[in-house]
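4 protein chains.
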Amino acid sequence: MARVAIYGASGYTGLELLKLLARHPHAQVTALLTRQDEAPHLSEIHPQLTGSFDLRLENLSVDQVAERADVAFTCLPHAASAEVCADLLSRGVKVVDLSADYRLGDAGTYQQWYGHEHPDAARLGKTPYGLPELFREQIIGADLIANPGCYPTSAILALTPLLRAGLIEREGIVVDSKSGVSGAGRTPKLLTHYPECNESFSAYGVGTHRHMPEIDRVLSMASDQSKASHKAIEVLFTPHLVPMDRGILSTIYATPKGDATPASVMAALKEAYANEPFVSAVEAPPATKHVAHTNRCHVYGTVVRGKVLLVSVIDNLIKGASGAAVQNFNLMCGFDETTALR
Amino acid sequence: MARVAIYGASGYTGLELLKLLARHPHAQVTALLTRQDEAPHLSEIHPQLTGSFDLRLENLSVDQVAERADVAFTCLPHAASAEVCADLLSRGVKVVDLSADYRLGDAGTYQQWYGHEHPDAARLGKTPYGLPELFREQIIGADLIANPGCYPTSAILALTPLLRAGLIEREGIVVDSKSGVSGAGRTPKLLTHYPECNESFSAYGVGTHRHMPEIDRVLSMASDQSKASHKAIEVLFTPHLVPMDRGILSTIYATPKGDATPASVMAALKEAYANEPFVSAVEAPPATKHVAHTNRCHVYGTVVRGKVLLVSVIDNLIKGASGAAVQNFNLMCGFDETTALR
Amino acid sequence: MARVAIYGASGYTGLELLKLLARHPHAQVTALLTRQDEAPHLSEIHPQLTGSFDLRLENLSVDQVAERADVAFTCLPHAASAEVCADLLSRGVKVVDLSADYRLGDAGTYQQWYGHEHPDAARLGKTPYGLPELFREQIIGADLIANPGCYPTSAILALTPLLRAGLIEREGIVVDSKSGVSGAGRTPKLLTHYPECNESFSAYGVGTHRHMPEIDRVLSMASDQSKASHKAIEVLFTPHLVPMDRGILSTIYATPKGDATPASVMAALKEAYANEPFVSAVEAPPATKHVAHTNRCHVYGTVVRGKVLLVSVIDNLIKGASGAAVQNFNLMCGFDETTALR
Amino acid sequence: MARVAIYGASGYTGLELLKLLARHPHAQVTALLTRQDEAPHLSEIHPQLTGSFDLRLENLSVDQVAERADVAFTCLPHAASAEVCADLLSRGVKVVDLSADYRLGDAGTYQQWYGHEHPDAARLGKTPYGLPELFREQIIGADLIANPGCYPTSAILALTPLLRAGLIEREGIVVDSKSGVSGAGRTPKLLTHYPECNESFSAYGVGTHRHMPEIDRVLSMASDQSKASHKAIEVLFTPHLVPMDRGILSTIYATPKGDATPASVMAALKEAYANEPFVSAVEAPPATKHVAHTNRCHVYGTVVRGKVLLVSVIDNLIKGASGAAVQNFNLMCGFDETTALR
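Note that the protein sequences, when read in sequence, are chains G, F, V and A.
This note's numbering puts the first residue of the first sequence at 1, with every later residue one more than the last.
This note's numbering puts the first residue of the second sequence at 1, with every later residue one more than the last.
This note's numbering puts the first residue of the third sequence at 1, with every later residue one more than the last.
This note's numbering puts the first residue of the fourth sequence at 1, with every later residue one more than the last.
These are calculated hints, taken from the structure and not from any lab test.
Keep in mind that the hints are not guaranteed to be accurate.
Identical chains share a label here; the pair holds if one copy fits it or two copies do between them.
As the list claims (entries may be wrong) - Here are the simulated EDC-like pairs of lysine to aspartate or glutamate, each with C-alpha atoms no more than 20 Å apart in a straight line:
#, residue 1, residue 2
1, K270, D54
2, K270, E44
3, K257, E67
4, K270, D87
5, K126, E83
6, K126, D143
7, K231, D106
8, K257, D224
9, K126, D63
10, K257, E171
11, K231, E169
Could you build the full structure based on these sequences and the hints that come with them?
Take a look at the structure:
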């Protein structure tokens, strides 16, 4: 049994994490952290959890958390998260960090995209990236995991098998992604006010979204196992907002290479994921609803008019956040990887 | 040609009003008021109006407004609105007040439901209620109109013909109403944050919604033309939030009286609205989509298991707000009542 | 371990049932029935189940099913369902019937509302109604269960405690219900074509919906444990269609009796469900999203303007159909009632 | 005054057309055609038009239509439409064809993509393509107009100015488009059944959508005014289904050429549409809601990571169908181009 603390339980990733942990036979949630002094009952924050947990949010010190918990999940804003992670790790608490803080490889890139200095830069580049399908060996038994971003998960799972199989060029990749609104978090804003984004579809963060360097780095790393010194991958990533709660679909365009045909593209995807419990290569373009409320990813590929075209779908809150976090937690703690995720 | 000023143009009723006025051959929008000092262009606030108006919001004094405008529409919060209305009226500017400030009949009821003293109490009870189907004669040529609430419009248009025809009792009326989210305004709040209210349906304001006394008062007034001293009507009103942008449907239950049959109920509705351009009695229960983006109201009635059951639908932003406001404006100014509203 | 067959697996209740059974440690799905001769793989019918079951739909005889399965779930249209149920029971297969066939008490009422003779009338009135919160003792170990309708579940769970506590009158109950679109099934129709029902809200089946006599019967039965010969309950039930996938909210109006106050109403609800794993009395009007994707029901009650007002919410496909079916299955087979439902 | 007949009035483009014509001071709708013998009132087919038209659908011969109408709009399936168009033209009735029948340039391409012989092949390649922003001179006074497809409108309006300005290459253009569900028509199908496509996002018609050759042809034609013999443009077009009623957003990726910078790209768009009443170059990526329920198109362009990136939005039913049809009708008949469209 692992005792679990959660920082940032009041948001959507916190909610999904708690729903999954409620079903986990080897996890016991012992602390829900808040920086406020009121201590609301969890069911006031998330009426969905009425009857599932009899817990209040608490304003505890890191020392108090370390006494109560073996593992912590941090669902905090970037920078704030790394500070807490460093403190927890120094007290022997394992951490799955759902923020972006440990996903990039170096302090310079972090500063460039996040606009401030990294509070725990020494761990950058050394923390496993929590995509078990690509980095399982590094995750098993680790103390700290950088839980992947939602868009990157959808892009990386689709592209890596084709890069590894030499079926697409490393240059000129376009990732056109579409996400449900829960990806924008739980803080009310005009952009995500219901009558603004309902019945509407828009692009946002054109050329500036922070998941772009994350995709670059992980694709470069995952596709280049020989660590040969060729140029890092740079994708053009465009996120869009879909009027639905959850789900990401990425449509990806890449330049074919070698023997890229519809059949060889599908074969590469199938082979890569033949033994993966949560990723399937599917024969027709998938819909986000096929994987909503699951930890699964469906990927599809073909060749059209001189381009390799890939489509991948995930639930942004589960495989794109809290489900992946539980999958990583299982690997870190030695539980069956699929526990609570089927 | 009437020169028009709008207070509170940045919200949804402001937007709909501007869309309607853009088509109005006898209205010229000359001032859009704001209390901030930046003067954003209207198309920054409402990209929907790109190309329709070349206007900026301005922070003008009431004197300045009085120089530029013959009529003002006030889409301000209650209390703030009445203060502005009084100032405008004293300078000879006609006003359609879209706030709730002049809808109730007396200062005591206002204070009870709105929680503060009325800033212009002398006009309470004397200002025409802007439902032309019931009070057209009072509206024509008036200087100030209390533009009706959205829920009250849907309830009053359905119930009044039956009360007048003596087909329902005045006691025990239940109004179960359902509204799209735009009715909650444009200020972001958790309740109307997309992932909270999308794919969800809820009741709110149970027993406490301020449209309840408005329905009481107007029904009492409209149904009792002899002003006999019998007891005022008190309805039980329950609003609900529907995951859609716009539209109100009210399902209404009343105790039959006299010769109430499905046929006589429909006949009373048809007769009442036979010559109305915007209200139709329809033969089957209507959907909100039948009247979305229009100034129309559809009403349906029958008798089921010992109750008269009525269903009415409107677009909450048009017949329930800005369309009614233009209808009132037309009557105040002597234009054809349907101008810009077909 | 119970071996399970499913009739009608291609609809939405079939899908939800399979999702739940995929997590059930004591159920093994051994047959999915179809009347067509193609034998599509389950993941073609429901891409959501890719990787969960490696099964094809099959056109099997009842004898073949009886060899493979201990329990069958029937998600068939009425009449068709009762025919299959009778055949299965005669071969020793236990049945949870998700159709309406065994929910009413007598053949005459059935004929009146369903328009044809009942194919297995002898079992009417003797089959337990599968609402464990009210009829648990009859369900345990039974061979056939009439799984409740979705709307009736929401109404009956809210009303029964108040009828039993003598806090509301049996006459004049109004049940104003709102359901997500999945309640209308998976067969494409104009009414449920996306651009027709999206962004719209409507009443339907006014005075004619078949769940009305079901609510009447079960409320009469559940509230009148002394079987005194007083008049049966007749509710006025109005269903509405909400533009969302799933969820039912019922707003219920009843005439207070005895000591009905907001406090006593809530107390009666709390007491009734204090030990129930899936029903909670909640302190504020609930939203359907609070129980979406769960087997839970939240109920709320108060008194407003001379009426007892109740609000209850369920997921129509889970507590209103497939979750209740699994709950009944657990009780019939002697498993823990909450297995696969937490 | 032009007398107008409509073929296929019962679908969504028919509905939008009628809404626009209801406001048109110079159009009088005199015939609504159906091939069935029942003659339903228009308000039974479209309750939205209650009170707007007192017309029934009729099964009339082309001769009868020619007596009643000066202009016909055909909202029929392909092939069926061309047959009617030819018959109408031979009787002197002008036609705006909303089907795809006259959009392609030659009979071979038509046969390849539509799978049957063209019934009126002689008019292919000679019929003006009804995008006034590009082909106004040809439309004025024409007898037959090929009304553009919705996706092509969004792609062509964005791309043509850049092709003409020499800022993008003709090769390697990717058009990633997203459409609301009304684009799929009014016939119920599983794909557009509410619980299937709501809360879901999917790609469809990957590599096979019939709007792809239409975009190819019109871009080639519009961008190559010298008719030099260089290679025709071939775009990679991927349509997606968005859970909303209406709106198309196209995200377009092209290879920069010459002096392509964010500023020069925007400048080319602004210059192209400076005098157009319905197309605006906007400074930030637009949302479909900015143009919903209007005849407008907003386009935005920039350069990101070595690609020119364009975003355009339209209402698929208005600028993408019925609004464009009215715009063409105005030009054909000599009315002000913007009549009924502001």
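Now for the hints, and whether the structure bears them out:
1. K270 - D54: Between copies only: 17 Å across chains, 44 Å inside a chain, cut-off 20 Å.
2. K270 - E44: between (44 Å within a copy, 17 Å between copies)
3. K257 - E67: So K257 and E67 fail the 20 Å test inside a copy (54 Å) and across (54 Å) alike.
4. K270 - D87: neither (42 Å within a copy, 43 Å between copies)
5. K126 - E83: Within. Shortest intra-copy distance 17 Å satisfies the 20 Å Cα cut-off; inter-copy 63 Å does not.
6. K126 - D143: Answer is within: at 11 Å inside a copy they meet the 20 Å cutoff, but 60 Å across does not.
7. K231 - D106: within (17 Å within a copy, 46 Å between copies)
8. K257 - D224: within (16 Å within a copy, 31 Å between copies)
9. K126 - D63: For K126 and D63, the Cα distance exceeds 20 Å both inside one copy (25 Å) and across copies (62 Å).
10. K257 - E171: both (11 Å within a copy, 18 Å between copies)
11. K231 - E169: The answer is within: 12 Å in one copy meets 20 Å, while 25 Å across copies does not.
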